[in-house]
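**Q** Sequence:
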Amino acid sequence: GLVNEWNNKAAEITGYAREDVFDKNLVENFITDEYKEQVKDVLDKALGGQETANFEFPLFTTAGARVEVLLNATTRRDAGGEIVGVVGVGQDITERKQAEREFARVAQDLRQLIDTANAPIFGIDKDGLVNEWNNKAAEITGYAREDVFDKNLVENFITDEYKEQVKDVLDKALGGQETANFEFPLFTTAGARVEVLLNATTRRDAGGEIVGVVGVGQDITERKQAEREFARVAQDLRQLIDTANAPIFGIDK
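Number 126 in our numbering belongs to position 138 of the sequence shown; there are no gaps in the numbering.
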């Protein structure tokens, strides 16, 4: 397990020169405690002829910085085929791992933002099956995530009179044509009508391929009720004016 090979790149990324590492035990001296057992197992296997590809572990530099390494451990043999050691060919994947952690953090932030948004948010896949249903969507409809996930949104949760229109909006978004301010009703588990103002946005994967639709809605039930009440009052007023037992006239400016 003593180091007998250490190229320029290994020296560059770790800060350890050849003379710092030669004839020293690699695992005991240069691997962190949490990875000692795993790295030793990989090296022992290679010493037994069982090679390992794409093993990830960290090295620490002389300055204490963490360097993420993707390792291929290859058995080293002499001219007679006898095993004499192991050669590790690594790849510095520190930036990739940092990017993955940042991506995971952003994804978690986005998940929290969606879940806690004060607006109903839902998503469907390319087959129209629900794969996103935030807390507000659950609150205003009474349907929990487990009630709606993997079920066809249009077939199961949209009334017959709006099925065709909602499907058209979602199909357009699946084709890349997004829609803003589309009004339609959802019905709660209790049968109450909830009016929703919807923006249907195309959802794409990292490669730009369309994978579904995200719908961000606004509960406009109270506004629609107010509009209907205003229309009723206006109609009542019109009827009152038209049927009044007195001459009524008006002028403009």
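Mixed in with the good hints there might be a few duds.
[Unchecked claim] In silico PhoX-like links for lysine-lysine, alpha-carbon gap of 20 Å or less:
id : residue 1 : residue 2
1  : Lys155    : Lys139
2  : Lys114    : Lys85
3  : Lys151    : Lys114
4  : Lys124    : Lys114
5  : Lys124    : Lys160
By construction, these hints were calculated from the structure, which means they are not laboratory data.
**Q** Run the distance test for Lys124 versus Lys160: straight-line Cα separation, threshold 20 Å.
**A** 25 Å, violated
**Q** Assess, step by step, whether the Cα of Lys124 is no farther than 20 Å from the Cα of Lys114, and give holds or violated.
**A** 23 Å, violated
**Q** Within 20 Å, alpha carbon to alpha carbon, are Lys151 and Lys114?
**A** With Cα atoms ~17 Å apart, Lys151 and Lys114 stay inside 20 Å; holds.
**Q** Hey, Lys155 versus Lys139, does the alpha-carbon distance stay inside 20 Å?
**A** 14 Å, holds
**Q** Has the given pair, Lys114 with Lys85, been kept, meaning a C-alpha gap of at most 20 Å?
**A** 30 Å, violated
In this structure, the hints that do not hold are numbers 2, 4 and 5, in rising order.
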